[in-house]
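Produce the complete structure using the sequences and hints provided.
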Amino acid sequence: MAPENAHSRPPPAAVLSSPHGPRANRVDQVMLQVLLALIPGVLVVTWFFGWGLLINCVLAILFATAAEALVLRLRRRPVLPTLGDYSAVVTAVLFACAIPPTLPWWLTLLGMVFAILLVKQLYGGLGYNPFNPAMAAYVFLLIAYPLEMTNWLAPHLLTQHHLTLAESWRLILFGALPPDLSWDALSAATPLEALRTQLREHQVMDAIRGAPWWGSLGGRGWEWVSSAFLAGGLYLLWRRVITWRIPVAMLGSLLLLAGLFRLIDPQHYPDPAFHLWSGAAMLGAFFIATDPVTASTTPRGQLIFGAMIGVLVFVIRTWGGYPDAVAFSVLLLNIAAPTIDHYTQPSVFGHGRKS
Amino acid sequence: MSRPDLPTPQLWTFHGGLHLPDEKALSSDQPIELLPLPPLLIIPLRQHIGAPARPGVRVGDQVGKGQVIGTADGYVSAAVHASSSGTVIAIEERLIPHPSGLPAPCVVIATDGQDAWAPLPAPLTDYRHLDPALLRERVHWAGVVGLGGGAFPTSVKLRSERHIETLIINGAECEPYITCDDRLMRERSVQVLEGARIIRTLLGAERVLIGIEDNKPAAIAALSAALADTGPDTHIRIIPVPTLYPSGGERQLIRILTGREVPTRGLPAQIGVACQNVATTAAVADAVLLGRPLIARVVTVTGRAVARPGNLTVPIGTPLSHLLAYCGGFREVPRRLLCGGPMMGFTLSDLEIPVTKAFNCLLALTAAEAPDPGPALACIRCGRCAEVCPVRLLPQQLYWHARAKAFDRAQAYNLFDCIECGCCAQVCPSHIPLVQYYRFAKNAVWAQEEERRKADQARARHQARQARQARLEQERQSKLRKKREILDETTAAAVPGGVADGDLDARRALIEAAKQRAAAKKAAAQSSTEPVDQG
Ligand code: SF4
Ligand code: SF4
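Chains as they are written, first to last, in the numbering used here: chain A, 1 to 355; chain B, 356 to 890.
Hints listed in this document are in silico derivations from the structure and should not be mistaken for laboratory results. If a hint is listed, it holds; no wrong ones were tucked in.
One side only, chain B facing chain A, incomplete, derived with CB under 7 Å:
1. L732
2. N769
3. Q781
4. P788
Quick reminder that beta carbons are idealized off the backbone N, C-alpha and C, glycines included.
Here it is in structure tokens:
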């Protein structure tokens, strides 16, 4: 049963079918709400890490839109209605939020072409892609260009050097650092990376917590970023754009596991809040795992889907080869989503559920 | 004696549902008005589920108001009556309010303006002490059908093999815009209660629960007052239920009031419940207590495209144009003209379509009220549809399989449990006409089943014919054999003298007789299998 795009065949007598009143939602409005909810996160990242994210957003949106328009043209599908659903823009901004703010422009281009061309449109466009395009592109680049993809700036609380807008553009477009600066002065390991390295060096938590990059919940600066994404996520919940199940299950299982290990061995495991407020946990829980297209759709399935992501994030972060694992975990569960759905169908009214 | 002291009964909830703008204020303050007689009544012979009524009049006949013009054809059928006096001028196919938009046989009556009643049966006021069969017979005669939209012959539902514990009277009226039941409960509360009592008596139910959405406080108050006025009746309770579409769905309301779920493909009786709409209940009271058939119903004419929305008592068979003219016509060209509400109603193609027993609302929506949903986009699997589905289906899966024409898969996802309430399509951000797909799939499955049934029949017919032929052939062979044996014997006996002429004649007669017998047998066999052939 080959998936086929909705535009290819008009639904039977669509206009005359009930219900007849105004519809409650629209795809483009849903996407705009998501974009709106991303704004606080984007602003806080910009505050702590400079102009890079904003530049990346602009570039990614440009590339994604161009790639989508191109494919649609090639597939002889109407271009404007599809661009008008803003799903490419959401993919672009999510991607930009996940990558380092100084990523060279051509990697952003590569990522967006990969996301739109291969992950989304090759499967038939929005609604048919089994993987979250932004995360698939992120993981692809992480594996292909590990150096560039882990080169993070230090939050401005921890460094004296702040790139100006022009300097940021030059860095992204030409890889040119300001003359008096070196990468070492600008960059810093992310909190998850730093923790990992230091634990590997057999430091204990008490010592690590004294490090200057340690904040009160997560890494300094980073904890604010996570909080901003959390705020955006709560907004989405409030506007009923997403439901609580996936984020709560994901953060809940992460919290539970982290708490458990913390209780068992407090010197080698960070407190659970650190897990939630570092890395991409909040962004992932509210904006990525909840991507309707690629997530589980049954109520019980969503709980399992979210919880499994949380488990995987903890496992990979703690014992795996990468400091953060949200993208990997989401992709892995994307594969499992259809199966989860299959086994978690709700019991239908009147089919003998005890009432 | 009012009874505010009754404890609020426990209410249950169903999954999903929608809070919709109810739009009832457009017409809910308009008292029911009696619509003047139209010059022409177009009365469909089939206004119900089941077999169409058989026409009992001829073109040219004079009919009186309330006279039976179509008799119920069997148990699951309903009689139709002349809604006013006049002359039958045609019995022919006319457009009727039906989603298919197809015409159906109707009796067309030119009214004479006298509105003269035909002789009516005597009221059965003492119903408590009468033979229940008599009451059922009366309701059957009166042609009462479910007026909430189901149009199932009511007399059938007044008998139950199983014990009915609870009778539920459905006054939820959960669809937006519609106010006919609301007005009926306010203005004919006594009839509603009387009807409920009659039905309770017939079914032997212990209690009656009248469920009304709490956005109709006036109806709740009116019924409560009437209940207090008509003497203490501890069996009947009026229960406000939270306003949530589709709480007026039979299964949903039963769930809300009793906490129980009617088994899929089962009947409410299986869990000891019977359910009747308020208007049906009032019609039962009219039939029993006044001896009047169902010849008129309350119709809401509303929507912002209507100049003066209102609620009208309309003789069955009145063309819609007549209702509209009474309501001042259109204020603006309607974008959609519907029978029923915006969630489950269907579009009407013509204004000469008559009002039938199940016609509860004529809804003319403006472009602002029924905006074009635009082209459907791809399903983004957001799951909103599943969240609101009152049947706990997975509408996106149903859609997927219906679209791919994988009907067996769609059935595995319980396609036939879908009540077509429209909640899923209402919230779908991709504006996919989901319900349309489900109807399409259901129709396809029915067509397939019909075809299979026909094929089975054809196969059975074919096999029967083959068996018959084989049997005849066998009989022929064995007869031939016997004859030959007889012949052999006779020839052997006559060997010395050769074959005599007389013998030859006798033999010919024998053969002739045998041939005739065989032919008769064949004809008999054929005629006995004929009904099967047609069947
Ligand atoms: S609401 Fe529409 S887009 Fe969302 S899952 Fe259901 S069918 Fe798909
Ligand atoms: S129309 Fe059918 S599938 Fe859709 S919400 Fe209603 S019952 Fe569920």
